[in-house]
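Q: Sequence:
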Amino acid sequence: MRADPGSLALIDSREPVLETRRLWLRRLTLDDAAFMLSVWNDPAFLQHVGDRGIRNVADAQAALIDGAFALYESYGYGPYCMSLKSDGTAIGICGLFRRDNLEHPDIGFAVLPEFYRLGLTTEAAEAVVDYARDVLGLEYLTAIVSPRNSASIGLLEKLGLTFDRGITMPGEKEEISLYGMRLDQANRSGMEFLKGDGARTGLFFGATSGVITTIGLIVGLNSGTRSITAVLGGILVIAVADAMSDALGIHLAEESDPATSHDHVWAATITTFVTKFVFSISFAVPLLLLPLATAVMVSVAWGMLVIAVLSYFLARTQNESPWAIIAEHLGIAALVVVLSHFIGVWVSRTFG
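With the first letter of the sequence shown counted as 1, position 261 gets the number 329 in the numbering used here; the numbers rise by one all the way through.
Please note: incorrect hints may appear among the correct ones.
[What the hints assert, rightly or not] In silico EDC-like pairs for lysine to aspartate or glutamate, Cα to Cα no more than 16 Å straight-line: (1) Lys-226 to Glu-191; (2) Lys-153 to Glu-87; (3) Lys-153 to Glu-191; (4) Lys-241 to Asp-119; (5) Lys-226 to Glu-194; (6) Lys-226 to Asp-198; (7) Lys-153 to Glu-83.
Hints were generated in silico from the structure; no laboratory data involved.
Build the full structure now, drawing on both the sequences and the hints.
A: Spelled out as structure tokens, the structure:
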């Protein structure tokens, strides 16, 4: 379908459709032809999506008119240009598409290589999913992806899409993967809050701080005092006072960034306090049920398990191999345990 040239004035608007913490998402315009030429000829795009034979700006303008502009005119949505709030730089596209051989709209994204691994595509894609459900009222969303494109598959799974089946697009020989998920309000999870960057920041920071600080304190106090009262008291102080201190710290740190939204700041603040409190207080359970020496060993093992699990999910969100990250973080935790033990022993011998 070719868009009516007379409608291009309406389509050619730079007003943002969506806003995230770091990005504006707006409709593409003819002025974006040179930028889209770079996107369509990026080696990763050619490898995983295909060569569209677009080799100059004129070709790119024609492709925009027949593609993105036609979608805007027919459906009211399409691919959106991702631009940085900080300086307006166009970095990629993310949006919704309609294909004749697919029953439902599909989400698609592509970003220039210099903006890989910054979480920007995830940020844009989450906003597009929310827009599709909450504003457009779509009930089902799909995506097509090369089975070799592990980075895009990881992002789709993070968004909640799951593998449906293999399909072959018209005019193509190679089979690709079709993913999909329901978007209706009844299917929304209570964990929706955790999709935001602020909540994720608080979750990882609060949980990690709660575990590392608490196991260090348990080992140090046990080595220095051999007193279950002292160890339990320390855990309670960390669970309340230190959790509040960390929450205030993350609040001020996030608030210092002028591009950070009010919701982001409070999501990070609340999640930091709650996760640090919960994880810190969990270490009191072994101390209430087991002899002190055994409880300390169980607490260290529990802390290491939590660190390993958090590291695994962190690696998944970054599309990295988890084993190196798990080993790195467990090594840091082990160093904290060893140092805390010797500090406790030194304090006991020096001042005891």
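Q: What hints, given by number in increasing order, does this structure fail?
A: Hints that this structure does not satisfy do not exist here, as all of them hold.
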